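Asks: Protein chains in written order, with the working numbering: chain P, 26 to 381; chain L, 26 to 381; chain B, 26 to 381; chain H, 26 to 381.
Just so you know, these hints were derived from the structure itself, not from any lab.
Note that the structure is predicted; figures quoted are calculated from it, not measured.
Don't take each hint at face value.
Identical chains blur together in the list; that is why a pair holds if it fits in one copy or across any two.
The calculated lysine to aspartate or glutamate pairs, modelled on DMTMM-like cross-linking and capped at a C-alpha distance of 20 Å, are [to be verified]:
(1) 346 - 281
(2) 294 - 342
(3) 222 - 274
(4) 222 - 281
(5) 118 - 98
(6) 118 - 214
(7) 294 - 337
(8) 294 - 332
(9) 72 - 114
(10) 72 - 232
(11) 294 - 137
(12) 346 - 114
(13) 222 - 122
(14) 346 - 198
(15) 222 - 198
(16) 118 - 86
Protein chains: 4
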Amino acid sequence: MSFNSFGRVFRFSTWGESHGPAIGAVVDGCPPGLALSEANIQPWLDKRRPGTSRFTTQRQEPDQVRILSGVFEGRTTGTPISLMIENVDQRSKDYSEVALAYRPGHADYAYDAKYGFRDYRGGGRSSARETASRVAAGSVARLVIPEVRIRAYLVELGGDTIDRAAFDDAAIDENPFFCPDRAAAGRWETIVDEARKAGSSVGAIVECVAEGLPAGWGTPLYAKLDSELASACMSINAVKGVEIGDGFDAARLTGETNADPMRPGNDGKPVFLANHAGGVAGGISTGQPLIVRIALKPTSSILTPVETIGRDGQASDIRTKGRHDPCVGIRAAPVLEAMVALVLADQKLLHRAQVG
Amino acid sequence: MSFNSFGRVFRFSTWGESHGPAIGAVVDGCPPGLALSEANIQPWLDKRRPGTSRFTTQRQEPDQVRILSGVFEGRTTGTPISLMIENVDQRSKDYSEVALAYRPGHADYAYDAKYGFRDYRGGGRSSARETASRVAAGSVARLVIPEVRIRAYLVELGGDTIDRAAFDDAAIDENPFFCPDRAAAGRWETIVDEARKAGSSVGAIVECVAEGLPAGWGTPLYAKLDSELASACMSINAVKGVEIGDGFDAARLTGETNADPMRPGNDGKPVFLANHAGGVAGGISTGQPLIVRIALKPTSSILTPVETIGRDGQASDIRTKGRHDPCVGIRAAPVLEAMVALVLADQKLLHRAQVG
Amino acid sequence: MSFNSFGRVFRFSTWGESHGPAIGAVVDGCPPGLALSEANIQPWLDKRRPGTSRFTTQRQEPDQVRILSGVFEGRTTGTPISLMIENVDQRSKDYSEVALAYRPGHADYAYDAKYGFRDYRGGGRSSARETASRVAAGSVARLVIPEVRIRAYLVELGGDTIDRAAFDDAAIDENPFFCPDRAAAGRWETIVDEARKAGSSVGAIVECVAEGLPAGWGTPLYAKLDSELASACMSINAVKGVEIGDGFDAARLTGETNADPMRPGNDGKPVFLANHAGGVAGGISTGQPLIVRIALKPTSSILTPVETIGRDGQASDIRTKGRHDPCVGIRAAPVLEAMVALVLADQKLLHRAQVG
Amino acid sequence: MSFNSFGRVFRFSTWGESHGPAIGAVVDGCPPGLALSEANIQPWLDKRRPGTSRFTTQRQEPDQVRILSGVFEGRTTGTPISLMIENVDQRSKDYSEVALAYRPGHADYAYDAKYGFRDYRGGGRSSARETASRVAAGSVARLVIPEVRIRAYLVELGGDTIDRAAFDDAAIDENPFFCPDRAAAGRWETIVDEARKAGSSVGAIVECVAEGLPAGWGTPLYAKLDSELASACMSINAVKGVEIGDGFDAARLTGETNADPMRPGNDGKPVFLANHAGGVAGGISTGQPLIVRIALKPTSSILTPVETIGRDGQASDIRTKGRHDPCVGIRAAPVLEAMVALVLADQKLLHRAQVG
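Construct the complete structure from the given sequences, taking the supplied hints into account.
Replies: Below, the structure written as structure tokens:
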């Protein structure tokens, strides 16, 4: 079964393959009356767009979005918002090798095992190109939650971590790595350059913080805020791990060190003295900043030949010659922001539904 | 909004509070004709049952399950299977303190923020007691996937990790920690005893391996096998992180070291030379063992007073005097197994729906 | 596939068979803080309860409901509300005939064709006994929509229709037929008595009017208010037709005669000069009374032998000796009210989710 | 809330407004490997296309469909199938009147009441133009159920019914009314011509028969085959009633006359001696022909002025000058076929999921 919709009441569905004529998203359940035009969406797509630095794939895609429905006189109408992005640079190359053999680490074998055959051009539906549709949908979600500020950035690349003491929010947009630590950004330039030149690839860890959401969002027990985030994050290409707050490190704390004590705040809301929980308790937001972290494996496309088998079951070697990101984790930052926005918009509306 | 159902076509819904008269699950969409009686469910509940060793909560619950519907003449009929477990040991204690003040790390404040008030007795709906319903539902799911063998075990407790070289599958059921390393199990006895005596608590990491599932299960892009597992895992009480395969460590590998090369197998299926991916590619099973890992924070109930605020907004301190698990991660192992079984049963049926 | 949940955000799931130990419903997504006890539910169950007059089945069921979760200190908590009704009068009779042969008009053959076998005792899951669970759930839904007044009544029984000019709202509760026309109620007594004595059965048409709902409820295009009502109504046992407003008669009108002209009202809302539409336009409520009508076939259980086949494929005759309603349409009135309440509660919350 | 998806595992979502740049559907969950090109879809769109006779709206739309995803090398891949139809004849007319006043019978007032404002051009989202997307999606559904033959036809128009004795399947495609009775088709020509010339409109009743589906499809209790059909049918523009089998007439039968007796068939399946049930029992197909009937009100757009109010709450009169169908029921026949196909494809896959 394919299942290409996400969300409960604020929902989006995506469609499209890497090398088809276009990709797109349909956003359903959006509140009416929100000011929306292509200009609200394009900047977010541009952040994710390939080909903007030598550290990402050289595929040239303008990623121009078109709104085909759901907006009238500059405002959302409450009906489905259809967003389309034409594929421009589906370079006509020779796909005979990937058509016949499975690239390890890619979804090639799994798609064939499931569906019997696959669109092998550029990864087809399993390509990270689909994430452009998520970013487009996410930019609509942002309009639903104006009270929330979302920032995603890399905290580790190729095993090299940032210095939290050197964290500068302003640095994030100054380098091609969405890196909040300028010194780390400098080192990463070397790491990615070397991986790229070697036809290799590296992994990354991306963190996302959402501030401004109130206490009370979340839909226990099976659409908890953190469950929905985990699902949303794990659905992003190349993600192998998801953490909330202290994540795996929380398993090494004691009850005392993990506690987030509360003090009375000036506005009637509590002031928390720590945020090990990452802003979620019992699947519900606490009003603290929401902290999500995802681990991305290194891009599976590498120039070094890897042992594999063909569709015919015969042994062969394969090296991936096409354009690719040496670190797929970099462009995952705007995608993670989009997915967090989409989850939060949905949870805000769900909360409003039940509690008013 | 509360949302207490999980699954797409094999679905379960749970209900019940820690100190209400009963808890239960309704399993819907189960294939007909499967042999099922209470005897199929009870052993799994017994594995999770509290009060069986000094390392878990001393609440005494027989956790006797009753099947109220969906089974006729010993076989599932294809209609909803209602499972009920009566609460027996809802010790009548004084809840006035937790009624008035928020226990940090617990869902108390978040539930009040969301719903306006809460059932404060033993954590109400947010209590880990609800996981008994999952285990009951999971035991039905196991019948749907007889080809799959699922084992969960602890790989770390209180920061102390097992020695993978000493891994012995047979050891898991020999100690109260579901620990596959006998030496580690010995050390953990001390760790948990000390935490318990100190009124403190420790965290844990639980791993689950599912073997025998074929390649092809998974529902891309938004009900991918790993997305669904991530959601299922993160919904378990106290879980703060989820990994598939190498998880966060994958972010430190290169494309070459992360590759899972394939060789032709004797049965027409590939033999994989590694399993960094944990049995999932593109959100679809590869036929390799499925590997999931979850991190659980230390139990939030501790005897050390923690700063907090009351419902009235005033500052206070709170220490949790009730019965509790010094390491909630221990009893999470059977719960994780149940959630993995529930996801796999659903994905099996979804795959059958689309591909036949 | 069985699918035993209804609703989008205010959802209920039912479980249980006619002759199992109990039946029940789980209501999820209910707003918190509503006053609820068994006393809110029991009166509605009593209206539907069998054995209260000679015109309904003689099965004696007290239909005592128990709330097992989701209510604390007399108010809904926002978590799942589990409702259970024990089956008391599962008369131990000889089911060997219905076990072996298919009763025409019943679901016997279809259930066997689908699931391979069936719980044949009293119709199992396909019994109208399940509708008690709907009435219980519906009584919770009523609390969510206090602004709405719902009345269902029979407008036709055994082909005999009421006189609209004699319609008296007060009459509905004065006779065992939920008939608003006292003269018709008198005639129906004879019709049902004769059918009962002859071991025959008759059909009925039930109408439901909901007043007080505002304009704006409904979820186009595929969860329109009327679509959801149609689905809800058609799921009731023995229903073969659903109409909104003028229904089939609308097909015989012209655009001019079918129009519902509007005039300015004193409160800023329009005054409609007619209500052919039955309170819905474009799948959204208009603020006029909502009018739904359902047709129920005669009870399939009759004493006259009918040609059928057995599970072994052999020809036989069957007559249904058990207790049954001579007109299943009578007790459908409280069930229809419940289903309308359940749809409206869901739509109210959905509207609040999107529009606030 | 808007909710623009239909189906459980074979799902489609539609988007687009009457006068936007395009409309479309995304079909998700389609089995892989089915031969599909635009040529499979276009003939069904052509049947529904406006402007093909003087009896339908004169809007000229070629309704050329484009497949944007989900098909590779002429076969479905199992991933979402995006279908787009550009709007060509969005005649630039003066909408100032409909922008300011509500057309009775249309969704104008209800949309404003719900969303606060609306796309008033040609009815926006509430226009029957959206049904082209359903027909496109339905043509994909047909590929999933090759064993089923679906035919829809009008049985009544403007109050004039067909003679069942004169029913000729071959006649349906010979006249612009999808009328199986040639004599009735002749009379209807006059009826529609007169309505058109008078600026009036008439209603219709459309019947759909699906043959070839096996016993066993249907998803009780809340996605019963007939419930899903009722929901699907009632979601079609202008539909006010839905019947299965004998429908409302069943309410006038006795248990004896309504019975569908069974005799042993030659192939091990039963032979039914009647089909009052319309092919469904207990929400599950019986293997008999499925019979669905819908009532459509007369088109609300008429030239006779009708009393109404404006957005400003002031009284006014409105007459609808635009192009419209004098009998919207005519073009509903291919739409009904599409909806039945979409329900059946979904139910086939659901059945396969649970029962294999």
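Asks: List in ascending order the numbers of the hints, as given earlier, that are violated by the structure.
Replies: 3, 6, 13, 14 and 15
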